[in-house]
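Enquirer: Chains as they are written, first to last, in our numbering: chain A, 712 to 986; chain B, 712 to 986; chain C, 712 to 986; chain D, 712 to 986.
Treat the hints with care, as some may be off.
All copies of an identical chain are treated as equivalent in the list; a pair is satisfied when it fits inside any one copy or across any two copies.
Calculated cross-link-like contacts (lysine to any residue; reagent style SDA-like; alpha-carbon spacing at most 20 angstroms) [to be verified]:
hint, residue 1, residue 2
1, Lys715, Leu955
2, Lys768, Glu756
3, Lys973, Arg983
4, Lys973, Ser742
5, Lys718, Asp966
6, Lys715, Ala780
7, Lys973, Lys984
Just so you know, these hints were derived from the structure itself, not from any lab.
There are 4 protein chains.
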Amino acid sequence: VDVKDLKLLARKPGDPPREIKAGPVTFGGESVVLIAGPCAVETREQTLAAARFVREKGARMLRGDAYKARSSPHTFQGLGEEGLKLLQEAGRATGLPSVTEVMTPEDVPLVGRYADVFKVGARNFQNFALLRALGGQPKPVLLKRGLAGTLEEWLLSAEHIAAAGNPNVILCERGIRTFERATRNTFDASIIALAKRLSGLPVVADPSHATGSKELVEPVALAAVAAGADAVMVDVHPEPAKALCDAAQALTFQDFEALVPKLDRVARAVGRKLL
Amino acid sequence: VDVKDLKLLARKPGDPPREIKAGPVTFGGESVVLIAGPCAVETREQTLAAARFVREKGARMLRGDAYKARSSPHTFQGLGEEGLKLLQEAGRATGLPSVTEVMTPEDVPLVGRYADVFKVGARNFQNFALLRALGGQPKPVLLKRGLAGTLEEWLLSAEHIAAAGNPNVILCERGIRTFERATRNTFDASIIALAKRLSGLPVVADPSHATGSKELVEPVALAAVAAGADAVMVDVHPEPAKALCDAAQALTFQDFEALVPKLDRVARAVGRKLL
Amino acid sequence: VDVKDLKLLARKPGDPPREIKAGPVTFGGESVVLIAGPCAVETREQTLAAARFVREKGARMLRGDAYKARSSPHTFQGLGEEGLKLLQEAGRATGLPSVTEVMTPEDVPLVGRYADVFKVGARNFQNFALLRALGGQPKPVLLKRGLAGTLEEWLLSAEHIAAAGNPNVILCERGIRTFERATRNTFDASIIALAKRLSGLPVVADPSHATGSKELVEPVALAAVAAGADAVMVDVHPEPAKALCDAAQALTFQDFEALVPKLDRVARAVGRKLL
Amino acid sequence: VDVKDLKLLARKPGDPPREIKAGPVTFGGESVVLIAGPCAVETREQTLAAARFVREKGARMLRGDAYKARSSPHTFQGLGEEGLKLLQEAGRATGLPSVTEVMTPEDVPLVGRYADVFKVGARNFQNFALLRALGGQPKPVLLKRGLAGTLEEWLLSAEHIAAAGNPNVILCERGIRTFERATRNTFDASIIALAKRLSGLPVVADPSHATGSKELVEPVALAAVAAGADAVMVDVHPEPAKALCDAAQALTFQDFEALVPKLDRVARAVGRKLL
Chain A
712 VDVKDLKLLA RKPGDPPREI KAGPVTFGGE SVVLIAGPCA VETREQTLAA
762 ARFVREKGAR MLRGDAYKAR SSPHTFQGLG EEGLKLLQEA GRATGLPSVT
812 EVMTPEDVPL VGRYADVFKV GARNFQNFAL LRALGGQPKP VLLKRGLAGT
862 LEEWLLSAEH IAAAGNPNVI LCERGIRTFE RATRNTFDAS IIALAKRLSG
912 LPVVADPSHA TGSKELVEPV ALAAVAAGAD AVMVDVHPEP AKALCDAAQA
962 LTFQDFEALV PKLDRVARAV GRKLL
Chain B
712 VDVKDLKLLA RKPGDPPREI KAGPVTFGGE SVVLIAGPCA VETREQTLAA
762 ARFVREKGAR MLRGDAYKAR SSPHTFQGLG EEGLKLLQEA GRATGLPSVT
812 EVMTPEDVPL VGRYADVFKV GARNFQNFAL LRALGGQPKP VLLKRGLAGT
862 LEEWLLSAEH IAAAGNPNVI LCERGIRTFE RATRNTFDAS IIALAKRLSG
912 LPVVADPSHA TGSKELVEPV ALAAVAAGAD AVMVDVHPEP AKALCDAAQA
962 LTFQDFEALV PKLDRVARAV GRKLL
Chain C
712 VDVKDLKLLA RKPGDPPREI KAGPVTFGGE SVVLIAGPCA VETREQTLAA
762 ARFVREKGAR MLRGDAYKAR SSPHTFQGLG EEGLKLLQEA GRATGLPSVT
812 EVMTPEDVPL VGRYADVFKV GARNFQNFAL LRALGGQPKP VLLKRGLAGT
862 LEEWLLSAEH IAAAGNPNVI LCERGIRTFE RATRNTFDAS IIALAKRLSG
912 LPVVADPSHA TGSKELVEPV ALAAVAAGAD AVMVDVHPEP AKALCDAAQA
962 LTFQDFEALV PKLDRVARAV GRKLL
Chain D
712 VDVKDLKLLA RKPGDPPREI KAGPVTFGGE SVVLIAGPCA VETREQTLAA
762 ARFVREKGAR MLRGDAYKAR SSPHTFQGLG EEGLKLLQEA GRATGLPSVT
812 EVMTPEDVPL VGRYADVFKV GARNFQNFAL LRALGGQPKP VLLKRGLAGT
862 LEEWLLSAEH IAAAGNPNVI LCERGIRTFE RATRNTFDAS IIALAKRLSG
912 LPVVADPSHA TGSKELVEPV ALAAVAAGAD AVMVDVHPEP AKALCDAAQA
962 LTFQDFEALV PKLDRVARAV GRKLL
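Sequences and hints are given; from them, build the entire structure.
Expert: Here you go:
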């Protein structure tokens, strides 16, 4: 495997992994970072409750989307700027930096006023105008792999961001689309090590969106850490049954609390730590 | 197959197919529309030469991109507005309406000043901000299916455009990504009839991007027309060996001239016509 | 595309397509061969009725399986030798040669006593012991492409048969498994021309198993002929609602009668003929 | 997810996982079983050396194929019965039970005389005649998932074996075929937990065939154990550069020695153990 056009982000033999900082958090260092929070920011109470709980149990970054990419135009599309404000408030209340989705170049300045890390969703992983806009500002970008995104394309999308001026890219494996429909997507465990070897960029795993099923979040999260993931991002909701999107994959507080020490044990088994 | 959230664009039993007009051309009527031209607008001479030739041999619309979605940032990305001007000039010189790619919402007004039909590429088929922007203006939108786009998602992306105000969507099957790599993508012949049955929208086939190989353009173009495609769009280049992108799939003038009467014969065999 | 290990069956520049004979029928010649009949042989009446009808309307070969590959052990697995006898009787009564599935090497002599052409199903396309057994006898073998079978693997499976002594292989494109589930499989129109160019072997299209839906059989059958298929094989059942397997894809007699002249028109549009 | 036709092997709420014994080894118990050995049995020396080394370092079962499923007929197909004898000899010399491939029903008695566990390869996972033959004897069957095998089909293939009389099936996830070609296959980490929840059968992971690359064997093996795999099977060769098949994925003795304690640490992190 050789990605010829990977120039700015190519890892040369002997290069250490790249570390990327977002506030007090470092991706790609010894610690495995736990990112948690609601799939979508829905209400002030929901976001604050989730932020407080995940912070207390070991999360180091808060997730929550104000802009949702939804296949259908007739479903909840996110709260927009109001959601960004709620996320920021919850982040400040808990001391957690936040990551949230940005969907179009013109929203980059707005989202950047509220969030610490930009998230580019799977459906936008080759939205090159967006990638360029994110390359024109300094905050880290969490770049999800596309549903049909090859490793080469994924790394080259990171290269698009770097070529526009910002090398602070964090990759995120969130499952690829295959023939298998028993799971929402197929989590590709082997790509983590390969992406890190070729680019040195940190890799986050998103077992919630990869599997689409809360029962499978734990085994896949553990697998990801064992395979070398630098962070794990999971959906947590105070009342999953009432979630406005992706209810089936959200962990309850109880699920999350049970997961954290297991993740820490596997992290330690591979020479890292979570807590 | 039932797409629950397809409301504005759903075809009810007994509904005729939808006809969509772009200047003198009608998509979805008796005639199969032939769209041809260079993959990318490169020079004035190249664009004009291609436009004149394809017009003379039977094309009814000119294609040519000024903005190219390229996996790598280190390759030709298109001429931008200069390319739009060249395309418009070639269209006017030949009387052909034109279709060209738009990649980001903020370019919609600019591209709309030059082109007759907007093209949304496979990598942007779920770029919802772009779809909404195109829904806010009246020109037709040629919406390519994503590389991993299900029929349901594709129709719902059309619904996004319609929900924002513009029902003039033309679908474009350009091959999907599968395990098979002997061809660049896998042209999905069966989806044409199914998309038309569910939505009534016209469907264009793009055998050039589907196969990635000029030798396979002809059999796939013929297959598409036999399967009910309302239009065929092919890459044609005066000198394919010098093409700045996708050289392997561009037809020469000679290839194109040989293809047209064959397409017409198959169109007539299924009760339509091309010439 | 180059299949290095394709030695016995490689087509050299200038080689004509290969013609393969099965009784009075020639695959790979000017005529497009229509193969029709029930998916499974169920009863004497069903098989005879289907054979008589399809023969009268233009079919030149009878299909019908006595051994069915079924995912579940708790469903109809075929009539076995009794089914072979019924198929042979229907073939003799109508003068149609027959093609039927063989699933294991030890059944080759038995099936060969009754059928004119052996069919290897998609699930057995890399059952190498079966391929070798079929290479040890002279009757033609219709080799379906596997659900995840690349063009290279498919041609090399044909090479396995040839290497064991029998070069009379007819390829059959029956759709591949992809992420798209609106159709049962994805019919790969472009592979027909490519398979013929590399090997010269005749290629049959099976739109019934490719689509899994009787409404889609016609457009895909027409597409296949336009793309260069040498034969089309369709499921036809006197009473599809009572079919013991794959009921949704079986054509009624009325459907079949409507299809044949359309196929013939498309065949003639590409310089061949069906009737 | 519900597999309606899974009757004999369905796991009911409250059912414990199934334990399957092969000589001194138990699959599905507290210990994670390490299976190792050459991809193919090539020589007496190679097989004995590999068996002795892997035994000493912690393997509990010996792998080695005498019959190889190869896409091309012009490559090494395995030593046949001679290979079975060498594998048996190496197993006896080290006290390791053995697992080896069987490719056709008529070989079942022969292979059964030498091996402790039958392996059904990915290409035969819906070779129903073979599954039935294996259901007619009592030794455990390690059933690989097909390249395009859904979870449902895989479990139903196990059900075929059980329906023929033998419920001792061990599932093996070895990667599925997807669009991604940077790895040979895509290892599906989430399917392990799901397969166990639905069937209770033990699940083995084969990171060697899943990735096709020795550098990726370790991360994927660790991921599999973290995700709940009951066993890990890896290719080990005294001199990988001289391997007659799949050389790129074989671990050296040194690689294997480094892997074992890591696997044990991850196993212990999830409440199990390897050594």
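Enquirer: It remains to establish, for every hint, whether it holds in the given structure.
Expert: To see whether the hints hold, each was checked on the structure:
In this assembly of identical chains, the alpha carbons of Lys715 and Leu955 lie at most 20 angstroms apart only when taken from different copies (18 angstroms versus 42 angstroms within one copy). Taking CA atoms no more than 20 angstroms apart as the test, Lys768 paired with Glu756 passes inside one copy only; the shortest distance there is 18 angstroms, against 55 angstroms between copies. Taking the shortest Cα distances, Lys973 and Arg983 sit within 20 angstroms of each other both inside one copy (13 angstroms) and across copies (13 angstroms). In this homomeric assembly, Lys973 and Ser742 come within 20 angstroms of each other (Cα to Cα) both inside a single copy, at 15 angstroms, and across copies, at 18 angstroms.
Proximity of Lys718 to Asp966 under the C-alpha cut-off of 20 angstroms is found in neither arrangement, the shortest distances being 42 angstroms within a copy and 31 angstroms between copies. Within a single copy, Lys715 and Ala780 get their C-alpha atoms only as close as 32 angstroms, which misses the 20 angstroms cut-off; across copies the closest is 18 angstroms, which meets it. For the homomeric pair Lys973 and Lys984, the shortest alpha-carbon distances inside one copy (11 angstroms) and between copies (15 angstroms) are both at most 20 angstroms.
Comparing the model with each earlier hint shows a violation of hint 5 alone; every other hint is respected.
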